[in-house]
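Protein chains: 2
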Amino acid sequence: VSEKISSADNQQERLLTPDYIVGLVDGEGYFSVSPVYGKYKNYTSFEVKMIFGIDLKEKDGKILNEIQQYFDCGHLSRKIEKRENFSNQIRYQVKDHSSILKKIIPFFQKHPLRFPSRQRKFKFFVKIGRMVEKREYKDVKGFEKLKSLVQKMRQ
Amino acid sequence: VSEKISSADNQQERLLTPDYIVGLVDGEGYFSVSPVYGKYKNYTSFEVKMIFGIDLKEKDGKILNEIQQYFDCGHLSRKIEKRENFSNQIRYQVKDHSSILKKIIPFFQKHPLRFPSRQRKFKFFVKIGRMVEKREYKDVKGFEKLKSLVQKMRQ
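Sequence lines, in order, name chains A and B. Residue numbering for the first sequence follows the numbering used here, starting at 1 and increasing by one per position. Residue numbering for the second sequence follows the numbering used here, starting at 1 and increasing by one per position.
No lab work stands behind these hints, which were simulated from the structure alone. Take the hints with a grain of salt, since some may be wrong.
A pair holds if it fits inside one copy or across any two, identical chains being indistinguishable in the list.
In the DSS-like style, the derived pairs of lysine-lysine whose C-alpha atoms are separated by at most 30 Å in a straight line are [what the hints assert, rightly or not]:
hint	residue 1	residue 2
1	Lys57	Lys147
2	Lys138	Lys82
3	Lys110	Lys39
4	Lys121	Lys79
5	Lys134	Lys82
6	Lys59	Lys49
7	Lys147	Lys59
8	Lys141	Lys152
9	Lys41	Lys82
10	Lys95	Lys49
11	Lys152	Lys82
12	Lys59	Lys145
13	Lys59	Lys138
14	Lys57	Lys123
15	Lys59	Lys127
16	Lys152	Lys127
17	Lys57	Lys141
18	Lys127	Lys110
19	Lys82	Lys141
20	Lys95	Lys147
21	Lys103	Lys82
22	Lys152	Lys95
23	Lys145	Lys79
24	Lys141	Lys62
25	Lys103	Lys145
26	Lys57	Lys103
27	Lys41	Lys57
28	Lys59	Lys121
Can you make the complete structure from the sequences, with help from the hints?
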């Protein structure tokens with residue numbers, strides 16, 4: 001019995017490690033950027049939506065709580081699936097620029113992704129992050145540059 | 001320049017770690033079992049196909065070479081995709097019973113998967129592995145037991 005208890009404790013105490021997170025994000029994570037242009041009566045606005053996220057089937061969603069705690073940022077939501085034979089998803093997303101710049105980007109710079117496709121996206125994500133940090137996308141010229149980076153990132 | 005070179009070296013030397021593999025397999029791996037019953041003129045045969053595998057898009061397939069080296073078993077193959085907007089896949093699979101029993105199962109016992117759905121499949125995979133080790137599926141009774149485990153595993 002004591003063996004069982006200690007093995008259960010181990011299970012609970014087994015914290016996430018950076019390598020585990022990199023493996024999971026290589027397989028299941030995503031980095032996305034959308035430029036958002038707003039034209040109003042008296043002004044135009046240049047915004048950019050950045051997302052780091054992981055979506056998992058609901059039954060495996062508990063991991064995302066741990067990932068949220070690990071990064072100490074981001075939100076969880078449930079995506080209801082209406083198609084038959086598909087299951088609901090739990091979605092972990094970090095969207096606020098400050099968390100992306102101060103937590104997400106530094107983490108993956110310290111612990112690099114291994115999938116070439118993911119590394120490539122992340123490289124553009126970082127470039128765009130730098131523009132966001134310096135608010136370089138807030139005029140027409142900067143916004144055009146950002147849009148062309150996004151286009152390349154999506155290829 | 002020297003900085004660039006050393007960073008490139010680091011990239012190459014960065015070996016896979018167990019935690020990374022667990023994260024990747026939680027997201028992208030699979031364990032599957034198929035009972036194979038053969039009825040011939042003079043005899044019947046009871047076989048079981050076990051597979052541990054990971055399929056990735058071709059552009060990320062290089063990782064699977066490293067995983068094959070890490071586990072020191074298994075085969076790589078390319079799955080040609082004919083549908084538009086889908087890309088070819090590289091498939092890593094371990095099928096021989098000996099490698100599964102001596103390498104794959106012990107690895108994931110030492111480094112447990114974290115996804116509940118994956119843990120559950122693996123638990124059945126291990127149970128079936130034990131039957132295979134003892135050749136307990138080689139008669140009608142054992143084969144029926146194996147089939148019912150497979151059925152539960154698939155639920």
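**Message:** Regarding Lys82 and Lys141, is the shortest C-alpha distance of 30 Å or less found within a copy, between copies, in both, or in neither?
**Reply:** Close neither inside one copy (42 Å) nor across copies (42 Å); limit 30 Å.
**Message:** For Lys138 and Lys82, with the copy left unspecified, which applies at a CA distance of at most 30 Å: within, between, both, or neither?
**Reply:** neither (39 Å within a copy, 43 Å between copies)
**Asked** When no copy is named, should Lys57 and Lys141 be tagged within, between, both, or neither for a Cα gap of at most 30 Å?
**Response** Neither: 41 Å inside a copy, 36 Å across copies.
**Asked** Is it within a copy, between copies, both, or neither that the alpha carbon of Lys59 lies no farther than 30 Å from that of Lys127?
**Response** Between copies only: 22 Å across, 35 Å inside.
**Message:** At most 30 Å between alpha carbons: which applies to Lys41 and Lys57, within, between, both or neither?
**Reply:** neither (43 Å within a copy, 46 Å between copies)
**Prompt:** How do Lys152 and Lys82 come out at 30 Å by Cα distance, when the copy is not named: within, between, both, or neither?
**Reply:** between (33 Å within a copy, 25 Å between copies)
**Homomeric proximity label, Lys59 with Lys138: Cα distance no greater than 30 Å** = Intra 42 Å, inter 35 Å, cutoff 30 Å: neither.
**Asked** Between the shortest in-copy and the shortest cross-copy C-alpha distance, which are at most 30 Å for Lys134 and Lys82: within, between, both, or neither?
**Response** So Lys134 and Lys82 fail the 30 Å test inside a copy (42 Å) and across (45 Å) alike.
**Alpha-carbon proximity between Lys59 and Lys49, which holds within one copy, between copies, both or neither at 30 Å** = both (29 Å within a copy, 27 Å between copies)
**Asked** For the identical chains here, do Lys121 and Lys79 meet the 30 Å Cα criterion within one copy, between copies, both, or neither?
**Response** For Lys121 and Lys79, the Cα distance is within 30 Å both inside one copy (24 Å) and across copies (24 Å).
**Asked** Taking 30 Å as the upper bound on the Cα-Cα distance, should Lys141 and Lys152 be classified as within, between, both, or neither?
**Response** within (17 Å within a copy, 60 Å between copies)
**Intra/inter-copy verdict for Lys147 and Lys59 if alpha-carbon distance must be at most 30 Å** = between (37 Å within a copy, 25 Å between copies)
Of the numbered hints given earlier, the model fails hints 2, 3, 5, 9, 13, 17, 19, 21, 23, 24, 27; all others are met.
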